[in-house]
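Single-letter residue listing:
Number of protein chains: 2
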Amino acid sequence: MSLKRYLPILQWAPGYGRDQATSDLVAATIVTVMLIPQSLAYALLAGLPAYVGLYASILPLMVYAVFGTSRTLSVGPVAVASLMTAAALAPLAEVGSPEYLAGAVLLAVMSGLMLTVMGILRLGFLANFLSHPVISGFITASGLVIAASQLKHLFGVQASGHNLLEIGRSLWLTIGQFNGVTLLLGAGTLVFLVFARKGLKPLLVTLGLAPRVADILGRTAPIVAVVVTTLLAWQLDLESAGVRLVGEVPRGLPELTLPSLDPGLWQQLAVSALLIGVVGFVESVSVGQTLAAKRRQTIDPDQELIGLGNANLSAGLSGGLPVTGGFSRSVVNFDAGAETPAAGAYAAVGIALATMFLTPAIAYLPQATLAATIIVAVSTLIDLPALGRTWRYSRPDFGAMLATIVLTLVHSVEAGIVAGVALSIGLFLYRTSRPHSAVVGRVPGTEHFRNVLRHKVELCPRVTFLRVDESLYFANARFLEETVMDLVTRQPELQDLVLVCPAVNLVDASALESLEAINERMKDAGVRLHLSEVKGPVMDRLQDTELLSHLGGQVFLSTYEAWQRLTDRSRLDRQPA
Amino acid sequence: MSLKRYLPILQWAPGYGRDQATSDLVAATIVTVMLIPQSLAYALLAGLPAYVGLYASILPLMVYAVFGTSRTLSVGPVAVASLMTAAALAPLAEVGSPEYLAGAVLLAVMSGLMLTVMGILRLGFLANFLSHPVISGFITASGLVIAASQLKHLFGVQASGHNLLEIGRSLWLTIGQFNGVTLLLGAGTLVFLVFARKGLKPLLVTLGLAPRVADILGRTAPIVAVVVTTLLAWQLDLESAGVRLVGEVPRGLPELTLPSLDPGLWQQLAVSALLIGVVGFVESVSVGQTLAAKRRQTIDPDQELIGLGNANLSAGLSGGLPVTGGFSRSVVNFDAGAETPAAGAYAAVGIALATMFLTPAIAYLPQATLAATIIVAVSTLIDLPALGRTWRYSRPDFGAMLATIVLTLVHSVEAGIVAGVALSIGLFLYRTSRPHSAVVGRVPGTEHFRNVLRHKVELCPRVTFLRVDESLYFANARFLEETVMDLVTRQPELQDLVLVCPAVNLVDASALESLEAINERMKDAGVRLHLSEVKGPVMDRLQDTELLSHLGGQVFLSTYEAWQRLTDRSRLDRQPA
Numbered sequence: 001m002s003l004k005r006y007l008p009i010l011q012w013a014p015g016y017g018r019d020q021a022t023s024d025l026v027a028a029t030i031v032t033v034m035l036i037p038q039s040l041a042y043a044l045l046a047g048l049p050a051y052v053g054l055y056a057s058i059l060p061l062m063v064y065a066v067f068g069t070s071r072t073l074s075v076g077p078v079a080v081a082s083l084m085t086a087a088a089l090a091p092l093a094e095v096g097s098p099e100y101l102a103g104a105v106l107l108a109v110m111s112g113l114m115l116t117v118m119g120i121l122r123l124g125f126l127a128n129f130l131s132h133p134v135i136s137g138f139i140t141a142s143g144l145v146i147a148a149s150q151l152k153h154l155f156g157v158q159a160s161g162h163n164l165l166e167i168g169r170s171l172w173l174t175i176g177q178f179n180g181v182t183l184l185l186g187a188g189t190l191v192f193l194v195f196a197r198k199g200l201k202p203l204l205v206t207l208g209l210a211p212r213v214a215d216i217l218g219r220t221a222p223i224v225a226v227v228v229t230t231l232l233a234w235q236l237d238l239e240s241a242g243v244r245l246v247g248e249v250p251r252g253l254p255e256l257t258l259p260s261l262d263p264g265l266w267q268q269l270a271v272s273a274l275l276i277g278v279v280g281f282v283e284s285v286s287v288g289q290t291l292a293a294k295r296r297q298t299i300d301p302d303q304e305l306i307g308l309g310n311a312n313l314s315a316g317l318s319g320g321l322p323v324t325g326g327f328s329r330s331v332v333n334f335d336a337g338a339e340t341p342a343a344g345a346y347a348a349v350g351i352a353l354a355t356m357f358l359t360p361a362i363a364y365l366p367q368a369t370l371a372a373t374i375i376v377a378v379s380t381l382i383d384l385p386a387l388g389r390t391w392r393y394s395r396p397d398f399g400a401m402l403a404t405i406v407l408t409l410v411h412s413v414e415a416g417i418v419a420g421v422a423l424s425i426g427l428f429l430y431r432t433s434r435p436h437s438a439v440v441g442r443v444p445g446t447e448h449f450r451n452v453l454r455h456k457v458e459l460c461p462r463v464t465f466l467r468v469d470e471s472l473y474f475a476n477a478r479f480l481e482e483t484v485m486d487l488v489t490r491q492p493e494l495q496d497l498v499l500v501c502p503a504v505n506l507v508d509a510s511a512l513e514s515l516e517a518i519n520e521r522m523k524d525a526g527v528r529l530h531l532s533e534v535k536g537p538v539m540d541r542l543q544d545t546e547l548l549s550h551l552g553g554q555v556f557l558s559t560y561e562a563w564q565r566l567t568d569r570s571r572l573d574r575q576p577a
Numbered sequence: 001m002s003l004k005r006y007l008p009i010l011q012w013a014p015g016y017g018r019d020q021a022t023s024d025l026v027a028a029t030i031v032t033v034m035l036i037p038q039s040l041a042y043a044l045l046a047g048l049p050a051y052v053g054l055y056a057s058i059l060p061l062m063v064y065a066v067f068g069t070s071r072t073l074s075v076g077p078v079a080v081a082s083l084m085t086a087a088a089l090a091p092l093a094e095v096g097s098p099e100y101l102a103g104a105v106l107l108a109v110m111s112g113l114m115l116t117v118m119g120i121l122r123l124g125f126l127a128n129f130l131s132h133p134v135i136s137g138f139i140t141a142s143g144l145v146i147a148a149s150q151l152k153h154l155f156g157v158q159a160s161g162h163n164l165l166e167i168g169r170s171l172w173l174t175i176g177q178f179n180g181v182t183l184l185l186g187a188g189t190l191v192f193l194v195f196a197r198k199g200l201k202p203l204l205v206t207l208g209l210a211p212r213v214a215d216i217l218g219r220t221a222p223i224v225a226v227v228v229t230t231l232l233a234w235q236l237d238l239e240s241a242g243v244r245l246v247g248e249v250p251r252g253l254p255e256l257t258l259p260s261l262d263p264g265l266w267q268q269l270a271v272s273a274l275l276i277g278v279v280g281f282v283e284s285v286s287v288g289q290t291l292a293a294k295r296r297q298t299i300d301p302d303q304e305l306i307g308l309g310n311a312n313l314s315a316g317l318s319g320g321l322p323v324t325g326g327f328s329r330s331v332v333n334f335d336a337g338a339e340t341p342a343a344g345a346y347a348a349v350g351i352a353l354a355t356m357f358l359t360p361a362i363a364y365l366p367q368a369t370l371a372a373t374i375i376v377a378v379s380t381l382i383d384l385p386a387l388g389r390t391w392r393y394s395r396p397d398f399g400a401m402l403a404t405i406v407l408t409l410v411h412s413v414e415a416g417i418v419a420g421v422a423l424s425i426g427l428f429l430y431r432t433s434r435p436h437s438a439v440v441g442r443v444p445g446t447e448h449f450r451n452v453l454r455h456k457v458e459l460c461p462r463v464t465f466l467r468v469d470e471s472l473y474f475a476n477a478r479f480l481e482e483t484v485m486d487l488v489t490r491q492p493e494l495q496d497l498v499l500v501c502p503a504v505n506l507v508d509a510s511a512l513e514s515l516e517a518i519n520e521r522m523k524d525a526g527v528r529l530h531l532s533e534v535k536g537p538v539m540d541r542l543q544d545t546e547l548l549s550h551l552g553g554q555v556f557l558s559t560y561e562a563w564q565r566l567t568d569r570s571r572l573d574r575q576p577a
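Chain order of the listed sequences is P and R. Numbering-wise (full-length UniProt numbering), the first sequence opens with residue 1 and increments by one. Numbering-wise (full-length UniProt numbering), the second sequence opens with residue 1 and increments by one.
Chain P extracted, bound-state conformation (with noise of 0.2 Å):
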């Protein structure tokens, strides 16, 4: 059992059968396709020689197609977290130096670590942090940092920076320089990369094509787009018409890389390597919860830790860059009808097979081409009407999802989510630090009790029964201090207050102290603290407290046995609502 939990390839691989290989397969080449183009696109966009993207999706899927859940995700270099990699490296070394690649590699082989570990150690709920603000935002924000960044491969200047302001003034510096037939062609495929993902399919659906067929067709396109312009480049020499090419590639797989072992370093790059690998993360489950949703499977996102965790090792061991599951590649796995994990590593075999035999020809592909792959698939990510949903349902949220896209796009990534999920955190402890809480007062002829701003009920002016409507927990315990000291202050003829509490569902240790302190001070002031309907789980908690042996009123089951107990029938007061 424990084996199959660790290992969820025992649980498909001994029932594999024919029909399942040709599923896998056909989805295999499919993605195959794809994913050349985007794996050296997204080396690229870390700042690394294109072919480490390849590097990146040959072990890192087989090790997945072992230790993962899902049976369709796509793991391999994505978007996000090449630009992370990009601004994590930027500080440390000069891109190109091999200093840079050893860091690319550190990455990886560190995310994958906490990963594992924080899937060993079932922390999965630790990505619960990153809200669905944050996560919308910085995904938004970094799609356009993404895109901004290509720009220069697209006009053929150089230009740098990590964020919209350093990119934009690095831009307005060298767009002068423009290179002509670079222009042409990184605007020509974008072009070309634009119509396919809008009008191609239609076209061919009216050109007599299955939808299906038309839709594999059109997620061809870039990769007919790589073909078309590697041999322009290589036909027209357009190298020495000033188009920059990917150039030579090392022949062949990769070989084992030790990562370092200096401590500095890893310390320098700890934070990154967590952001990089807990974003993937939690972009992964949320794609492979949906994809296994449309088949009634699940997936358990803490194996979905090990298994993601492991692939990064692999990455990083085989010389290539922090890796994880992609949504468009996962979805296009899934709609070609790939059925369990070897659909990854058949993929694997695929990318193997490009790395030993296409590298010559990868050499003239134009970096134009790959910029302009870069926008069409990063424009998938930006999604501003969000601001505007997110406004209409909930300020706090608009709040942190705001600050995350701003810091995002002015400082970096980790700056944007780490502000993000501190506001986030913030907010709800704001929203629960002030628990709704109102002074109940008796349904006449009944044992019910409610507010007495909203109904007409019996009051006792020498007993107040305050309802507290929140579990207590050190954010909220001093506010009820306030709230109960106020009543006090503004009822010297109080003699009993009764706290009623069948919705706390939990009294922490700070919570206790402010009960303590609130029975202390309604003493000094002559007033019994009793307490009312308190739940069975919080009461056995209390039970051998201070707060219980010292307190100066009792514990009553039902709030109408208090009443019952405590008030003076002739001197009810009736107040109207």
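Any given hint could turn out to be false.
Heads up, the list lumps identical chains together, so a pair's fine if it works in one copy or across two of them.
Calculated cross-link-like contacts (lysine-lysine; reagent style BS3-like; alpha-carbon spacing at most 27 Å) [said to hold, decoys possible]:
1) Lys-294 - Lys-523
2) Lys-294 - Lys-201
3) Lys-294 - Lys-198
4) Lys-4 - Lys-294
5) Lys-535 - Lys-523
6) Lys-523 - Lys-201
The set of hints was computed from the structure by calculation and includes no laboratory data.
Given the structure of chain P, go ahead and fit chain R onto it with the hints provided.
Just chain R now, kept in the frame of chain P:
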């Protein structure tokens, strides 16, 4: 109204009469006698010249009398803030250097500004982030560190360090060179002070004094120790016997001191200033509320921020160190009958007189006397049994407390607080990240629905009712997704799923996204998602969202209505409890 809010002195000064003045003067005299040795000692603890403590006990008390809302809080230097000041300044400058003193001034000014701004923005709730286990933990640990740090003065050796490890190592190396006379003097003072605290009052009562007078006499023990040991040091020329004295101090009132405007220094001290300010604020408010309650008064925490902020600002501008409301002095002030903040202003006059006329005598005061004063004072802070109480009450709270104590002891108060706060928040989010939920069925013959695991209820195999017992927000949104998908996967027959929501007080944007994802996944799996008993405010929010417009099922006002519409009465199952 608003002026009275920001200047609480306007609330009490107009009606201030002779009786109140008399009470305040008596209390002020007693507090002054306590405050002189304490302020000297805490300045020394902060690594500053002793007279700086006097400077910090003049203007801040007057300023607090104008802006503070507690009638009886006694503001001035306190032990924990002084320890934190020393730790914050240690990496910046040599003890005794002008830069060190300038750092203390800047800390006071910055924490004053921060508290004032927080008060104006009504951010007092931020102090709630310091949960009780964290406060209790760092105060206990600070007490231990402070007591250990004073041993060097008792033994008359040179030692240093800001945590137990450093202090221990330093003492281990130097303890051999202890000074016998200093040890005799210090240990003698210590024994006297401990006796004064435990045994003097009963003795005086036995000798026929009224308990209240005996109590007040007991409080004067530190000043008696100061006077006696100063006379001894002067008459016997103890300095030549190797006893370290406070030494020459400037005579007269403090002059206006302007803080450094070096932005680098501000940045370095920002976190420390914030923590010193907030920790002081939390302590002050807690003391202030406790004392106010005894007379059915209240304090306004946001205005307290302004009061303490201005007090710190004035402490810095008059060359002092960070101040806050001290626990023991405030209790004495209260017990001695102080009725208004004027008592604090009178005490300030007392300290000012001491600064002008007693400083020649203070030069002969042995440092060992002050060390003994500090040790006895902080011994009341150390509450190790709290660890056991918290362990028994709640493991997560114990974890936060232990982390705070250990980090404070082996690293610093700041590290302890930051770790404790992060752990408290993390553990709370963890606790709420797995909300209780239950599949419910109908209690036969009623409109009530109860947990199928606990009650004999009717079920329908094609309709599942899932009751959610917590507000839905980012930390638990994905858990709900998993719970729901598990249900759907385990029940292939399922056609309808009803989320029963009477306990859901909030659905944030993340949870809304999760509900939308659940809805879409349900549709893909051929299951209709319904909602029932959604609270009014939550429903108002959901009204215009995609969730409702794309909901696979319906929204039912009551669960019973859903039951009637969805279940096929002929196929009901009865499930035993």
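Evaluation of the provided hints:
no., hint, verdict
1, Lys-294 - Lys-523, "between (61 Å within a copy, 8 Å between copies)"
2, Lys-294 - Lys-201, "within (24 Å within a copy, 78 Å between copies)"
3, Lys-294 - Lys-198, "within (25 Å within a copy, 74 Å between copies)"
4, Lys-4 - Lys-294, "within (23 Å within a copy, 64 Å between copies)"
5, Lys-535 - Lys-523, "within (25 Å within a copy, 37 Å between copies)"
6, Lys-523 - Lys-201, "between (78 Å within a copy, 26 Å between copies)"
Checked against the numbered hints above, the structure breaks none of them.
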